[in-house]
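Chains as they are written, first to last, in numbering that gives the first Met the number 0: chain F, 0 to 241; chain Z, 0 to 457.
Hints in this document: simulated from the structure, not taken from any laboratory.
Keep in mind it's a predicted model, so treat the numbers as computed, not measured.
Ideal placement from N, C-alpha and C gives every residue a C-beta, glycine not left out.
Reference listing, derived: stretches of chain Z covered by chain F, where coverage requires no fewer than 3 residues with Cβ under 8 Å from a Cβ of chain F: (1) 311-319; (2) 340-354.
Far from chain Z, some chain F residues (derived; all Cβ distances over 10 Å): (3) SER6; (4) ASN9; (5) PHE52; (6) THR71; (7) THR79; (8) ILE112; (9) ILE217.
Take a look at the letters that make up each chain.
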Amino acid sequence: MNPAAVSLPNILTIEDDPVLGAYVHEHLGRCGFQVTWCQNGQQGLQLARSQVFDVVLMDILLPGLDGLSILTHLRQHHATPVILMSALGAEADRINGFRLGADDYLPKPFSMIELRVRIEAILRRVALDRRPLPTQQAMRDDARTLRFDDELCDVVYQAQWAGLTRSEYRLLETLHRNGEEVLSKAFLYQHVLQRGYAPHDRSLDMHISQMRRKLKAIGYSEREVRTVWGKGYVLSGHDEAV
Amino acid sequence: MKLFERPLQRLPGKHSIFWKLACLLIAFCLLMIWLSWSWGRYMEEQNAFLADKSREILRGYAAGAELAFSTQGRAGVDAWLQLMATRESTWVGVIGNDLQSLSSAPLNDKESQRLTFLRGLDWPVSRHVKGLPWMKVPFPVDPSVGSLVIELPQRFMPGQYQLFWRVVTNGMIPGLFTLLLCIGLYRLLIMPLNQLREQANAWRADQLNTRLSHDATSRQDELGELGRAFDQMSERLQGTVVVQRQLLRDMSHELRTPLSRLRVACDSERDLTQLRERLGREIDAMQRLVDDSLQLAWLDTERAPLPVENIQVQALWDMLSENACFESDWPATRLPCVVGADCWVRGNLNALAQALENILRNAIRHSPVGGIVWLDGRRDGEYWHLWLEDQGGGIDEGDLERIFAPFTRLEGSRPGDGGFGLGLSIARNAVQRQGGSLWAENAGQGLRVHLRLPARAD
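The following block holds chain F by itself, in its conformation from the complex:
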């Protein structure tokens, strides 16, 4: 699961608050990331342009150059994943951040666990994007009962089509491909819905709810999408149910 199997992921943190910055620096370092911490927006932009980072983590309100401007400049030539952190809580700020090309938006205050989940979700998505798709055969192998059709974006069970939407199909397929592994909401948002996760965003939960109803409607009960509280979702066999 750890995408940092080959080398330590390189993270640039741009945060002007000395206490929070130092804490993030220390904590991420302990989690096995290589962290560069910078307190000034202008310097941060130069660093992000001149070196290669796996993820850039930055505040919006910064001295020198604010986070959104850094993002705008950075996006002109670089595709480095960016996570914005901010105490500006308005929905508009979040949307603005995403519009300018941020990969995720983490409202302050956040826990270190949450931060780590978000970073890992992005690293994992980037790794997945780079990796070639597994062969069709391997995928179909264990799907004797539920058959995936990439063309129609739908699944069929005992000659009955479930009638999934594109997002639902992608979601089910991602869960299916990762077997019994619990996938975090942050990762599923990144990978399936291609956007950052916010606590009040219920789209993913709604897709899951609709997908469950549709699978139930065609009588598929061998495995089900289970919620793992505080972690995410997993597609698993019935007998393991709580």
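Let chain F serve as the given structure and place chain Z on it in line with the hints.
Quick look at chain Z alone, frame taken from chain F:
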């Protein structure tokens, strides 16, 4: 001013002030043209005739001349003419019907020339003729004998006051009418604006409860619309200010409470793990409070429409009840959904989910042991009317509206506690922002919260 931007596309409405102005100005212009035309003519005519008094005097002269002629002949006329010369500075002569002088002095050529164009006393005298007109006054007793001819003395010329009347008809009266028009326009256009200005000044002085007069808002035209918009604006402004003040007061209380609890914990707790646990709890509660309060404030300030989508209520309920079951340890069977799979509403998923979740949490919190909470609904034209009912015993009739105000926590009647009293306010704001409505009533065994939401367009 749309009229002038797109003159052909849209005429101003029936009640538009444009029509009033147009009628008023057209009528005024026509009135002024007619007035100056007819009055000018009338005055001209009135001023063209000799005054009665002048005629009387001239007739008197003619009678004198006749008397002189009939009694003493030419010599009498000569004497009379000499007498006249002392009285009138202009030319005076007495002629017979053959147009020859009745005095001893014959007429010279120039005088004969003038005799070819004589005016009667009743004829109009034009001011435009150069010099003074020559008048012919027949002898009053026997007009066939002769006539008095007189170059009209200046003092008898009609139209002495012509300049005065011209000033009156062409200057003062139009001026007066224009003044009246101005007053009318002022009353029509500027008075309502003055009222608006007064209200704006009242706002500046923090008197937010002042409203425009009924006259100003009941007008049908654009100014009436402006007045109504202004009133709505002040309504909204006042509402916002009241909410803000209330919020500020409640917030100061609500924020200080967990802070003081934190301080107590900090001072009294000796055991580090327990302290950490307690701090964690307090921080969670405080974060929830701050998030909820800020969200409520944002919901109240943000007016941009939310993106909407079609939402299946059953699926939404499944999602929410799964969460609720996890939070409350209830089995899913205690949260049944009675509405059918055909119930699709149109709204913003996140806002609606949050609203329903808050209502559901509230219902669960106030449910008795083993109680159930269910969602039911029916199609109501373009809307879906949904209701969520619990068995928690309901609340006072008087509190049915109050529970939607921020930081309202009812004591006593219902079981359960906790929360900051923000859930239902957020729910109501969220529902209203997507074109729905939310209200509560007591029903049977508990509280029934009604939701009215736009149905999916078929």
